[in-house]
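Using the hints, position chain B against chain A.
From first to last, the protein sequence lines stand for chains A and B. Counting from -9, one number per residue, gives the positions in the first sequence under the numbering used here. Counting from 2, one number per residue, gives the positions in the second sequence under the numbering used here.
A portion of the hints provided could be inaccurate.
[What the hints assert, rightly or not] If you want the footprint, here are the derived chain A segments under chain B, 3+ residues with CB under 8 angstroms: (1) 44 to 55; (2) 144 to 156; (3) 159 to 168; (4) 235 to 241; (5) 271 to 278.
[Said to hold, decoys possible] Example chain B residues on the side facing chain A (calculated, C-beta under 7 angstroms, incomplete): (6) V6; (7) F7; (8) G11; (9) V19; (10) L23; (11) T134; (12) W138; (13) N236; (14) I291.
[Stated by the list, open to error] Chain A is faced by these chain B residues, among others (derived, beta-carbon under 8 angstroms): (15) I8; (16) A15; (17) L129; (18) L141; (19) I144; (20) L151; (21) L235; (22) V239; (23) L254; (24) I255; (25) I266; (26) V270; (27) I271; (28) V275; (29) I277.
Please keep in mind that the hints were generated in silico from the structure rather than gathered at the bench. These numbers come from a predicted model, not from an experiment. The beta carbon of each residue, even a glycine, is placed where N, CA and C say it ideally should be.
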Amino acid sequence: MSGVGGVARPAPRGVADDADRLAPRARPRSRWVYVRALGRDKLAFSAAAFLTLLFVSAVFAELVAPHDPARGGLMLRNTAPTTADAPDGGFPHVLGTDALGRDQLSRLIFGARVSLAVGFASVLLSGAVGVTLGLIAGFYRGAVDDIIMRLVDTQMGFPSLLMALVVLYVLGAGVWNVILVLAVTRWMVYARVTRGLVLSHRESVFVEAARALGCSDRRILFRHILPNLLSPIMVLATLEVATMILTEASLSFLGLGIQPPESSWGLMLAEGRGYVTSAWWLVTFPGVVILLTSLSLNLLAGWVRAVTDPVTRWRYLAPRRAAGAAVE
Amino acid sequence: MVHSVFILAGLVIAVFFVTHLLGDPASLMLRPEATEEQRQALRESLGLDDPIAIQFGRYLGDLARADFGDSLWQRVPAMPIVLDRLPATLYLAGATLLVAVPLALLLGIISALKPRSLADRVVTVVALAGVSTADFWLGLMLILFFAVRLDLVPTSGYGGLTFVALPAATLAVRPIGRISQVVRSSMLDEMRAGYVTTARAKGLGERIVVLGHTLKNAAIPIVTLMGDEAASLLNGAVVIETLFGWPGVGILLIQAIEKRDLPLIEASVIVIAVMIVGVNLLVDLAYTLIDPRVRYG
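Bound-form chain A, shown alone:
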């Protein structure tokens, strides 16, 4: 968290104080405010647009992909990117073909399915476990807290990639095992953040009020405290999706992640590596897609952080004229 966290711009001196005075008191009326604010931030908008495009093409890969990703042809081996029509009269191989003559653009679109599914599934799994344990540790304190946090600190010191490799060697590679292993190596990030946030909320008045009304612990934790933690956890989860996609790519590159005939971007790079001297497009484009995806997730996370932070929010949500004047 620390590194990427540092990327969000801290407000220059004085701006934050002014913000408190100038900020509109009322909460934004609907989520359209956020959509409009997104339209105004060019970088965040491009990130969101790219991710949406990626998602839609991954979900509807059969309709979007110009060619069958599994069908090749020996005549087409390692065709360089071209705008000429494909030999069978189909859509041109704009990103070239691989060593088996398969269309690379189509393979990237189908690979997006696996890479995104692994990224999101492992984040959901590790987030669910980590957040729950963090809630428990922060709320109950005492011995439970000590045990959970000791576990978190210990696992933080592990060489996580090496452990993931060893576990995959023992369990065998494959999509589900990769998801499981990624989740096991990252749950403690959420536990640590959630616990810290719970600690700052558990003594607050609304928790006291809920308790006075006779709410059960579970209700207080999940109905009263958890909703207050959602936006920082969402920011963290977005960053983690990027981390997971990068790690999955590394694991697949080393041959212990996704296995053929399944395909992911990391695996495509591993397969293209043998042709680094003869077919530059095979090692270039999958990496570009990984970079764009991860960069977009990082940018979007930074934007969500700024928009949900009460101190900086007004600059993004206020009517254009006021915000424009204040930002410049």
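Okay, now just chain B, sitting in the frame of chain A:
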């Protein structure tokens, strides 16, 4: 100190759990096509039919003597093989830090001095791109450009400056991105402190104010992150060592996995873990040098 002991103990237990309980060592070491008789014979010779507690005791005993058994692949004790590879890994990590740390400090200070300037924005975007890149892909791109296209350096291998340049540059990108951003934000925090105004008011030059006063006070989070990055260099070098054919512990682990050489796998993981714990200890010691308020013992 206590913390490092916990990490090591946790790792030792985790390795035992994964290799002995999650999987069956006999099947892990033999080829998948081995017969049931071969498996049973290996199980007996390794004592895998004993109760798990006894196996764990034996494992701890072996560990205490740093004896992981013979490598199945090279037929010699596993530990010396790993130690033999250690200098290469440390060499690469050292070269990476030598590039990354000064550059990250420089970039971070430049963007902290003029926040929101063009230079600051460029540094921030580069840093963000650095942490968003798959490092092995960056390595491939560097190979493609500097080794294949320009033919300046070899594509892979072990040796002097020309060999270490590409892998070190590849590994340095992520630490540069992360450290420069933390340098920037912790410098910005310190720049607002009263002592900076005092230092300027008494007429000290800007260079002394920035390097002598501000940077020194901003050092704690920076050193913490450097320790993290050094540790993850030892961890993440697996991929880069494999890509560049760099004969370190990381590539050894991958080869050991390919050869299903369990003793060698265990030995490499434990050795890297010990290195990481060592780095963390060094960082703790560095705190006492930087900040006289921090004391141990």
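Quick rundown of the hints versus the structure:
no., hint, verdict
1, 44 to 55, "violated (count 0)"
2, 144 to 156, "holds (count 11)"
3, 159 to 168, "holds (count 3)"
4, 235 to 241, "holds (count 3)"
5, 271 to 278, "holds (count 4)"
6, V6, "violated (10 angstroms)"
7, F7, "holds (5 angstroms)"
8, G11, "holds (4 angstroms)"
9, V19, "holds (5 angstroms)"
10, L23, "holds (5 angstroms)"
11, T134, "holds (5 angstroms)"
12, W138, "holds (3 angstroms)"
13, N236, "holds (4 angstroms)"
14, I291, "violated (18 angstroms)"
15, I8, "holds (4 angstroms)"
16, A15, "holds (7 angstroms)"
17, L129, "holds (6 angstroms)"
18, L141, "holds (5 angstroms)"
19, I144, "holds (6 angstroms)"
20, L151, "violated (13 angstroms)"
21, L235, "holds (7 angstroms)"
22, V239, "holds (6 angstroms)"
23, L254, "holds (7 angstroms)"
24, I255, "holds (6 angstroms)"
25, I266, "holds (6 angstroms)"
26, V270, "holds (5 angstroms)"
27, I271, "violated (10 angstroms)"
28, V275, "violated (10 angstroms)"
29, I277, "holds (6 angstroms)"
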